[in-house]
Amino acid sequence: MSLRRILPFVLLALVLSASVAASWLAPAGYAKQYREAIDAPPSRAHWLGTDELGRDRFARVLYGTRISLLLAPAAALLSTLLAALIGGLAGYLGGTWARMAMAVTDLFLSLPWLFLLITARALMPLNVSPLVSVLVTFLLLGLLGWTAAARVLCSSAASVRTSDFVRQARASGVSGQRLFWVHVAPNLTPALYAQFWISIPVFILSEANLGILGLGVAEPMPSWGSLLKELENLVSFGAEPWKFVPLVLLVLVVTSFQLLLSKQEEGTA
Amino acid sequence: MHGLRWKIAGHALALLATVLVGGLLSATMVRLAPGFDADERELDPHLNAQSLQALREARHHDDNIISFYVDYMKRAAHGDLGNSLALGQPVRTLLRQRLPLTVQLLGIGLVLSWSLTSMLALSAAWLRLPTYDTMATAISGMLLCLPAAVLALLSVLWNAPGAIAIALIVFPHTYRYARNLLVKAYSRPHILAARAKGLREARILFWHVVPVVMPQMLALAGVSVSMAIGATIPVEALCGLPGIGQLAWQAALARDLPLLVNITILVTLVTLLANSSADVIGSMFRRQEA
Chain A
1 MSLRRILPFV
11 LLALVLSASV
21 AASWLAPAGY
31 AKQYREAIDA
41 PPSRAHWLGT
51 DELGRDRFAR
61 VLYGTRISLL
71 LAPAAALLST
81 LLAALIGGLA
91 GYLGGTWARM
101 AMAVTDLFLS
111 LPWLFLLITA
121 RALMPLNVSP
131 LVSVLVTFLL
141 LGLLGWTAAA
151 RVLCSSAASV
161 RTSDFVRQAR
171 ASGVSGQRLF
181 WVHVAPNLTP
191 ALYAQFWISI
201 PVFILSEANL
211 GILGLGVAEP
221 MPSWGSLLKE
231 LENLVSFGAE
241 PWKFVPLVLL
251 VLVVTSFQLL
261 LSKQEEGTA
Chain B
1 MHGLRWKIAG
11 HALALLATVL
21 VGGLLSATMV
31 RLAPGFDADE
41 RELDPHLNAQ
51 SLQALREARH
61 HDDNIISFYV
71 DYMKRAAHGD
81 LGNSLALGQP
91 VRTLLRQRLP
101 LTVQLLGIGL
111 VLSWSLTSML
121 ALSAAWLRLP
131 TYDTMATAIS
141 GMLLCLPAAV
151 LALLSVLWNA
161 PGAIAIALIV
171 FPHTYRYARN
181 LLVKAYSRPH
191 ILAARAKGLR
201 EARILFWHVV
211 PVVMPQMLAL
221 AGVSVSMAIG
231 ATIPVEALCG
241 LPGIGQLAWQ
251 AALARDLPLL
261 VNITILVTLV
271 TLLANSSADV
281 IGSMFRRQEA
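Sequence order for the protein chains is A and B.
With the working numbering as the guide, the letters of the first sequence map in order to residues 1 to 269.
With the working numbering as the guide, the letters of the second sequence map in order to residues 1 to 290.
It is worth saying that the hints were derived from the structure and are not from the lab.
Check each hint, because a few of them may be wrong.
Said to hold, decoys possible - Dumping the calculated SDA-like pairs for lysine to any residue here, alpha-carbon to alpha-carbon at most 20 Å:
hint: 1; chain 1: B; residue 1: Lys-184; chain 2: B; residue 2: Thr-131
hint: 2; chain 1: A; residue 1: Lys-229; chain 2: B; residue 2: Leu-154
hint: 3; chain 1: B; residue 1: Lys-184; chain 2: B; residue 2: Val-212
hint: 4; chain 1: A; residue 1: Lys-229; chain 2: A; residue 2: Phe-244
hint: 5; chain 1: A; residue 1: Lys-243; chain 2: A; residue 2: Leu-48
hint: 6; chain 1: B; residue 1: Lys-7; chain 2: A; residue 2: Ala-98
hint: 7; chain 1: A; residue 1: Lys-229; chain 2: B; residue 2: Leu-241
hint: 8; chain 1: B; residue 1: Lys-7; chain 2: A; residue 2: Asn-233
hint: 9; chain 1: A; residue 1: Lys-32; chain 2: A; residue 2: Leu-14
hint: 10; chain 1: A; residue 1: Lys-229; chain 2: B; residue 2: Val-212
hint: 11; chain 1: A; residue 1: Lys-243; chain 2: A; residue 2: Met-100
hint: 12; chain 1: A; residue 1: Lys-243; chain 2: B; residue 2: Lys-7
hint: 13; chain 1: A; residue 1: Lys-243; chain 2: B; residue 2: Leu-157
hint: 14; chain 1: A; residue 1: Lys-229; chain 2: A; residue 2: Ala-98
hint: 15; chain 1: A; residue 1: Lys-229; chain 2: B; residue 2: Lys-7
hint: 16; chain 1: A; residue 1: Lys-243; chain 2: B; residue 2: Val-212
hint: 17; chain 1: A; residue 1: Lys-229; chain 2: B; residue 2: Leu-157
hint: 18; chain 1: B; residue 1: Lys-7; chain 2: A; residue 2: Met-100
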């Protein structure tokens, strides 16, 4: 195993472990206010200082990382399943079904992602509880992010459908449903797996964009998006470098995912 | 020629379907938006019961979504896109006021992004220096890992124009594809043969490489328009630029659905038009090549 593969793996494992252990590393929680230390710089008590409401930034980064890192894969799982259902079935059935499904997919794909996302987000109520806002945000990502994966899965399913072994199974009298679940679906697993991993960094970045624009996770719940919103009040790049920690963490995590994915692509190629 | 006509007809049909479906969506949103049934005139104490009844009956026609949709489309065909709930102005006026800035921002951003993409991708494919290639790929990879809104915030922090932020958001996406296309084109046997025969690099580029990669590059150009439009939301919202992106963001925050859905339809049409044009021109190139 090369260093280029180990390093992102270790980094992701470390960040994920730290975020899972957030309640142990920062027992006071993400919402507790230290009114005597508003917008304080880093100190022994607050490793990354406090925000403008006096909340410990280190705790918020840990809890925010937990939310973003655990819910982005959940949204990716949902979008991959939807893609498998729509794209996989369309590819398997072929003909008019495939053309119709792909026409809808292309229409979705031609829409700018962020426009689609904020339009759909605006349809939901904005003044909801923080927990509901987390669920709504990631649910939307999962429900809208299936299109690119559906295209890939449709062509994968179509190529499996026309393969020799499926033709042979069909000639042997294997029925439609059994043919799909026993012969076609297992052969889509590598494509499904790849689409799942590709979606995670996309959803992490999308949540960050929504959060910065004020359309993501609601206060006081932290997420990378809401933590990055703090950068709006920054007056200079070097004045308060500790405020860039969430950004650095996000870039490191997304880069790690990209590195692992590029290695995986090289491997499959 | 026959195939090309079918392609153009297909794209025109897709555009028409988008307008019709988008219009239905828009009409439904407007019809179901909170406060649609309320009429402030009913609060006027000078009105008697008969006048109130007449007002209600006049509005009764809009209860049916289908008839409301037909009316809505008729009005839209005459340029009346309804009123913004949050800003209290006609949507058409708002779009007309904000469009020039967004078009300018998109234009400059796309030109900058494509200049950077062409320069770096061409030099990476042409020079074939591993260090240079790694550096260019690392820079684009780094930009790819930054949320678009963060790039917009950083442009505010560094007093950089919004168009640069748009260019930096679009660049990593276009660079990756353009670089791969050019590297693949330069490694084709006929290019290697042309090089071995001592043809000048400019001639190789314009006579042998550009015709090969042009259809895919045009498709990429079409997609880059969609990416740039998406980038206008964070850039205009966070840089304080009063364009369509900022309007969409304000509409989303205020849940101003009539405005938001109209903007989304407009954006969809523009992106579909860009993609369709790229596809048709690409087909013409392929036909010429064949």
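*Is the Cα-Cα distance between Lys-229(A) and Ala-98(A) 20 Å or less?*
Violated: Lys-229(A) and Ala-98(A) sit about 42 Å apart, past 20 Å.
*Hint consistency between Lys-184(B) and Val-212(B) [alpha-carbon to alpha-carbon, up to 20 Å]*: holds (10 Å)
_Need the status of pair Lys-184(B), Thr-131(B): alpha-carbon distance at most 20 Å?_
Within the cut-off at roughly 18 Å; holds.
*Straight-line Cα separation of Lys-7(B) and Asn-233(A) no greater than 20 Å?*
violated (50 Å)
*Going straight from one Cα to the other, do Lys-243(A) and Leu-157(B) come out at no more than 20 Å?*
holds (14 Å)
*Sort out whether Val-212(B) lies within 20 Å of Lys-243(A), counting only the CA atoms.*
violated (47 Å)
*Assess, step by step, whether the Cα of Lys-229(A) is no farther than 20 Å from the Cα of Leu-157(B), and give holds or violated.*
holds (13 Å)
*Do the alpha carbons of Lys-229(A) and Leu-154(B) lie within 20 Å of each other, as the hint requires?*
The hint holds at about 12 Å.
*Holds or violated: Lys-229(A) with Val-212(B), Cα cutoff 20 Å?*
Between Lys-229(A) and Val-212(B) the Cα gap is close to 45 Å, so the pair fails against 20 Å, i.e. violated.
*Quick one, are Lys-243(A) and Lys-7(B) close enough, alpha carbons at most 20 Å?*
Distance ~52 Å between Lys-243(A) and Lys-7(B) Cα, so the pair is violated.
_Tell me if the straight-line CA distance from Lys-7(B) to Met-100(A) falls inside 20 Å._
holds (17 Å)
*asked:* For Lys-229(A) and Leu-241(B), compute the direct alpha-carbon distance and say whether it is at most 20 Å.
replied: Since the Cα atoms of Lys-229(A) and Leu-241(B) sit roughly 18 Å apart, the hinted pair holds (cutoff 20 Å).
Violation of the numbered hints given earlier is confined to hints 8, 9, 10, 11, 12, 14, 15, 16; the remaining hints are satisfied by the structure.
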